[in-house]
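Here are the chains, one letter per residue:
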Amino acid sequence: MSASFLPSAVDLARAQFAFTVVWHFLFPSFTIGLASYLAVLEGLWLGTGEARYLDTFRYWLKVFAVVFAMGVVSGLVMSYQFGTNWSVFADRTAPILGPLLGYEVLTAFFLEAGFLGVMLFGLERVGPRLHFAATCLVAGGTLISAFWILSANSWMQTPTGHSLGADGRFMPAEWWGVVFNPSFPYRLAHTVTASYLTTAMIVGAVGAWHLLRDRANPRARLMFSMAMWMAAVVAPAQLVLGDLHGGNSYHHQPAKVAAMEGHFETRRRAPALLLGWPDAEAGEVRGAVGIPGLASLYLTHDLDGEVRGLKDLPRETWPTNLPLVIWSFRVMVGLGILMIALGLTSLWLRSTGRLYGTRWFQRCAVAMGPSGLVAVTAGWVVTEAGRQPFTVYGLLRTADSVSPIAAPAVATSLAAFAVVYFTVFGAGIRYLLHLFNQTPRDHESGPPPGQPIRSAGVTPAPAILPAE
Amino acid sequence: MSLDLTLVWALLIAVAVLLYILMDGFDLGIGILFPVVPGKADRDVMVNTVAPVWDGNETWLILGGGGLFAVFPLAYATLLPALYMPLVVMLLALVFRGVAFEMRFRAGSRAAQAAWDAAFSGGSYAAAFCQGVCLGALVQGVKVEGRAYAGGWWDWLTPFSVVTGLALMVGYGLLGACWLIWKTEGELQIRAYRLARRLGLATLAAIGLVSSVMPLLSATFRDRWLTFPAMALAAPVPLLVGLLAWRFLRALDRREEVAPFLCALGLFGLSYIGLGISLFPMIVPPSVTIWDAATHPSSQLFLLVGTVVLLPLVLAYTAYAYWVFRGKVSAGGGYH
Numbered sequence: 001m002s003a004s005f006l007p008s009a010v011d012l013a014r015a016q017f018a019f020t021v022v023w024h025f026l027f028p029s030f031t032i033g034l035a036s037y038l039a040v041l042e043g044l045w046l047g048t049g050e051a052r053y054l055d056t057f058r059y060w061l062k063v064f065a066v067v068f069a070m071g072v073v074s075g076l077v078m079s080y081q082f083g084t085n086w087s088v089f090a091d092r093t094a095p096i097l098g099p100l101l102g103y104e105v106l107t108a109f110f111l112e113a114g115f116l117g118v119m120l121f122g123l124e125r126v127g128p129r130l131h132f133a134a135t136c137l138v139a140g141g142t143l144i145s146a147f148w149i150l151s152a153n154s155w156m157q158t159p160t161g162h163s164l165g166a167d168g169r170f171m172p173a174e175w176w177g178v179v180f181n182p183s184f185p186y187r188l189a190h191t192v193t194a195s196y197l198t199t200a201m202i203v204g205a206v207g208a209w210h211l212l213r214d215r216a217n218p219r220a221r222l223m224f225s226m227a228m229w230m231a232a233v234v235a236p237a238q239l240v241l242g243d244l245h246g247g248n249s250y251h252h253q254p255a256k257v258a259a260m261e262g263h264f265e266t267r268r269r270a271p272a273l274l275l276g277w278p279d280a281e282a283g284e285v286r287g288a289v290g291i292p293g294l295a296s297l298y299l300t301h302d303l304d305g306e307v308r309g310l311k312d313l314p315r316e317t318w319p320t321n322l323p324l325v326i327w328s329f330r331v332m333v334g335l336g337i338l339m340i341a342l343g344l345t346s347l348w349l350r351s352t353g354r355l356y357g358t359r360w361f362q363r364c365a366v367a368m369g370p371s372g373l374v375a376v377t378a379g380w381v382v383t384e385a386g387r388q389p390f391t392v393y394g395l396l397r398t399a400d401s402v403s404p405i406a407a408p409a410v411a412t413s414l415a416a417f418a419v420v421y422f423t424v425f426g427a428g429i430r431y432l433l434h435l436f437n438q439t440p441r442d443h444e445s446g447p448p449p450g451q452p453i454r455s456a457g458v459t460p461a462p463a464i465l466p467a468e
Numbered sequence: 001m002s003l004d005l006t007l008v009w010a011l012l013i014a015v016a017v018l019l020y021i022l023m024d025g026f027d028l029g030i031g032i033l034f035p036v037v038p039g040k041a042d043r044d045v046m047v048n049t050v051a052p053v054w055d056g057n058e059t060w061l062i063l064g065g066g067g068l069f070a071v072f073p074l075a076y077a078t079l080l081p082a083l084y085m086p087l088v089v090m091l092l093a094l095v096f097r098g099v100a101f102e103m104r105f106r107a108g109s110r111a112a113q114a115a116w117d118a119a120f121s122g123g124s125y126a127a128a129f130c131q132g133v134c135l136g137a138l139v140q141g142v143k144v145e146g147r148a149y150a151g152g153w154w155d156w157l158t159p160f161s162v163v164t165g166l167a168l169m170v171g172y173g174l175l176g177a178c179w180l181i182w183k184t185e186g187e188l189q190i191r192a193y194r195l196a197r198r199l200g201l202a203t204l205a206a207i208g209l210v211s212s213v214m215p216l217l218s219a220t221f222r223d224r225w226l227t228f229p230a231m232a233l234a235a236p237v238p239l240l241v242g243l244l245a246w247r248f249l250r251a252l253d254r255r256e257e258v259a260p261f262l263c264a265l266g267l268f269g270l271s272y273i274g275l276g277i278s279l280f281p282m283i284v285p286p287s288v289t290i291w292d293a294a295t296h297p298s299s300q301l302f303l304l305v306g307t308v309v310l311l312p313l314v315l316a317y318t319a320y321a322y323w324v325f326r327g328k329v330s331a332g333g334g335y336h
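As you go down the protein sequences, you meet chains H and B in turn. For the first sequence, the numbering used here assigns the number 1 to the initial residue and increments by one for each residue that follows. For the second sequence, the numbering used here assigns the number 1 to the initial residue and increments by one for each residue that follows.
Hints are not guaranteed to be accurate.
Said to hold, decoys possible - What follows is a list of derived Cβ distance ranges for each label pair:
hint: 1; chain 1: H; residue 1: T320; chain 2: B; residue 2: A118; range: 37 to 45 Å
hint: 2; chain 1: H; residue 1: W348; chain 2: B; residue 2: V309; range: 45 to 53 Å
hint: 3; chain 1: B; residue 1: W323; chain 2: H; residue 2: A18; range: 37 to 45 Å
hint: 4; chain 1: H; residue 1: L212; chain 2: B; residue 2: V309; range: 47 to 55 Å
hint: 5; chain 1: B; residue 1: A118; chain 2: H; residue 2: A51; range: 38 to 46 Å
hint: 6; chain 1: B; residue 1: V309; chain 2: H; residue 2: R430; range: 41 to 49 Å
hint: 7; chain 1: H; residue 1: D400; chain 2: B; residue 2: V36; range: 49 to 57 Å
hint: 8; chain 1: H; residue 1: G426; chain 2: B; residue 2: L243; range: 45 to 53 Å
Said to hold, decoys possible - Calculated pairs, DSSO-like style, for lysine-lysine (alpha carbon to alpha carbon, straight line, at most 30 Å):
hint: 9; chain 1: B; residue 1: K143; chain 2: B; residue 2: K328
hint: 10; chain 1: H; residue 1: K62; chain 2: B; residue 2: K40
hint: 11; chain 1: B; residue 1: K328; chain 2: H; residue 2: K62
Simulated from the structure, these hints should not be mistaken for lab results. Every value quoted in this text rests on a predicted model; they were computed, and no experiment measured them. All C-beta atoms in this analysis are idealised placements derived from N, C-alpha and C, irrespective of residue type, glycine included.
Pulled out of the complex, with its shape left as it was, chain H reads as follows (with noise of 0.2 Å):
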């Protein structure tokens, strides 16, 4: 074995995995939201006739290619991952996981994917009905997906449906309980509506930019105030629906609940904790400030409610970094707040007619553009390692999980994903950037609707090319 001082294969799996997996997963939290939104504005376009539906439409729809194609070369290493660096675990639960992702494939990548061509050249081959119809089911091919693989990933979270066989393998016993299982209707709720959100946070700050330089602009004003409407309705839903996942959590795993919470002692009358430093050693909090009985209020829904802590559990079944779930909770739920009062305020300003015109609020709503990215990733973060030391909660131990592999070989691979990683996807985010920065015009780039469709031919170039 290599010296102590260096990281083992295990940690450098992992670390690999949560590299690839938060870069990845950075792409379908906003095409989600993105594809729906795109949906949207082409329904209201057909619907209404107006143009500034129809630009809008066509300035994200430049960004959801770049981001979109991202996406799925992130994802395309997702899948071999399980392999290459998890093969003990690939081989125990590939009679449960494999068939869940096996068709994810099936009805959603090969659906997105198959309409995507459609959906971004195909406006004037198919006309506008059609086309409409291919933009819904690349939207609906996201939300399928979303489906599958928040089955999965619940599944190992709150594993239901299936019996261990001799040699350790996870065989499925009812398939309703597999898919289905204790955290997944929470999961997929919370998620796709964090994807929602993530997409407004983007949209409403790059509404927010256009409207700083001029606030006339039809384009900005309809995408500012669509993603204002969502923020005001859907982020105090989403709060609703972090307490109703975090519920189920407690229930079925409590020293998550415990480690997010900062709970080593069970108690009635459990604080809230607000800043605090955990110490797994001490089995204590050190300079936990917190507001006495509410935790208790919102695990329990009752101030007086007995709150298990983390000395009430097993020690090996704790999660294994402590400060990094404590604080990647506080970072996303502050983020939320953050949302909440921003959508709250929308409609403070939008029902005395200042929506458009309040500079403040504007470069405040450009601020929060990545929040909702940030936030998601907070979120994944308290989850998955909260997980732990399990890959699949309480049943597979994640250092038994792990590849015959030899450190130097993973550690390798982690350093050419990190280089590739961040030239490539580093350049298509600053390309994102500078899409966000062009001003959204009338008369929007793209191929232009009502010609007749051409046997052997694409858009003339002047007509589809940018206009810079």
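Add chain B to chain H, keeping to what the hints say.
Same frame as chain H, now just chain B:
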């Protein structure tokens, strides 16, 4: 149950992998041809011929990986560690290529354009080479003990796997050239005809070389190809390759537009069938059969029920997407 689900699944996965090879083959081939087609306008046309469909093409690779995980987990859990390095390089190459697809049209400067073109082309070369290496390493055999890969990290690297890597690059180049014959016109098409002839002859040479080396690798391959009665089953394959090669060259001479592509696909299909004859029923030669590697019957059935409905649907709308973008792609055409 009278129906052998494992056999059905082996066939389905084999078909999915073949579809991947054929479809992503020609679009990787476009990148492989970049160095011999230097002009920006021509390159734009080349990329435009595949821009609407590459996403779908690559999805078959996800189905290949996901399907293997779903129905032959032991193969997934042993092959992927065995092919760790070429697979990681292939995935990174596809990352480069996929992003370059979107970015090369939007490059602000000449230098950025050149860099993205290099990423697109380099990614295509590396992905094709790595896939060929994986194939070669698989054919040569993977050491499995218990339920885990038991070999070393460089086992995949042999002269044979390097040859199959190069062969697949040449073959994908051929598919790309034939696709261009179909989808373009004028100067670019004439150039594609010339390239298709050279790459076609090189592909045939590669098929011949790999086929003659394979019987030297194992007794099983020798038995299947060189001893009677098994030979009678295998013999039509090389005969059909010869026939298709003749038809292919004639199609080029007569300046046919679709036939060269179909012939090239046929050559790939026949080589693939030849491989199947050599390997069946091994999924991880030399020791793991499809039945050893198969998952729980309930999992096979659960996924099969949906697949029977969904796969024809996928094929239908994939065909529709190709049909929407039928016809020639001409110069001056644009992307978004």
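Right, here's what the structure says about each hint:
A hinted range of 37 to 45 Å for the beta carbons of T320/H and A118/B is consistent with their spacing of about 42 Å. For W348/H paired with V309/B, a C-beta distance near 51 Å keeps the hint of 45 to 53 Å intact. For W323/B paired with A18/H, a C-beta distance near 42 Å keeps the hint of 37 to 45 Å intact. In this structure, L212/H and V309/B meet the distance hint of 47 to 55 Å, their C-beta atoms being roughly 51 Å apart.
Between A118/B and A51/H the CB atoms are about 40 Å apart, so this pair conforms to the stated range of 38 to 46 Å. Distance hint for V309/B and R430/H: a CB-CB separation of about 43 Å, consistent with the stated range 41 to 49 Å. Our hint of 49 to 57 Å for D400/H and V36/B holds, since their Cβ atoms are close to 51 Å apart. Range check, G426/H to L243/B: about 51 Å between beta-carbon atoms, so the 45 to 53 Å window is met.
Of the pairs offered as hints, the one joining K143/B and K328/B is violated, with about 48 Å between alpha carbons and a cut-off of 30 Å exceeded. At roughly 22 Å between alpha-carbon atoms, K62/H and K40/B fall within 30 Å of each other, so this suggested pair holds. For the proposed pair K328/B and K62/H, the alpha carbon gap of about 24 Å is at most 30 Å, so the pair holds.
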